[in-house]
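**Student:** Protein chains in written order, with the numbering used here: chain A, 125 to 213; chain B, 125 to 213.
Errors might be hidden in some of the hints.
Identical copies carry no separate label here, and so any pair may be met within one copy or between two of them.
[What the hints assert, rightly or not] Straight-line alpha carbon distances no greater than 16 Å define the calculated EDC-like cross-link-like pairs of lysine to aspartate or glutamate that follow:
| # | residue 1 | residue 2 |
| --- | --- | --- |
| 1 | K135 | D172 |
| 2 | K165 | E197 |
| 3 | K165 | D140 |
| 4 | K135 | E188 |
Worth flagging that the hints you see were computed from the coordinates, not collected in a lab. These numbers come from a predicted model, not from an experiment.
2 protein chains.
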Amino acid sequence: MGRVVVDVMPKPEILDPQGKAVAGALPRLGFGQFASVRQGKRFELEVDGPVTEEILAAARAAGEQVLSNPVIEDVVAVYEDAVAQDAQA
Amino acid sequence: MGRVVVDVMPKPEILDPQGKAVAGALPRLGFGQFASVRQGKRFELEVDGPVTEEILAAARAAGEQVLSNPVIEDVVAVYEDAVAQDAQA
């Protein structure tokens, strides 16, 4: 069993109110190191077989067509998650 | 300027209705490869200086104390995002 991660983030030019809220809260809670925050989504897609190039291409297509809103979001990363190997052992 | 990514996912034993909804929609939309889906959050924290070990430790602490709900979520990854280097160039 394999796992593919698809990361979706708001486009840089799009206002991100969730991220702004987090960025405003962090200094009050003792984390003044961070100048800005953006919040996106992380999807973990499980496949029964191994993670092949075809699976990665399908995951990218699913990310662009289903998991993200292409008007306001970008698929920023698609990669195999090695952690799934541990669960198998 | 550097960027740290903090990934937060629902704990494995916690029901993830968003992920279930996505998993149900994917086969109908032509993506039958994926057996299950879980949806979490991805935070990008920008720092003015370089990403040091201290910054990564602070990002993990912020992830555990502010960005996630430790009752139902885990911080699954904290890492420097190399993409930030491109924006600087």
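**Student:** Now tell me, hint by hint, if it's right for this structure.
**Tutor:** Okay, the hints, checked on the actual structure:
no.	hint	in the structure
1	K135 <-> D172	neither (32 Å within a copy, 21 Å between copies)
2	K165 <-> E197	both (10 Å within a copy, 14 Å between copies)
3	K165 <-> D140	both (12 Å within a copy, 14 Å between copies)
4	K135 <-> E188	within (13 Å within a copy, 26 Å between copies)
Hint violations for this structure: number 1 only, all remaining hints satisfied.
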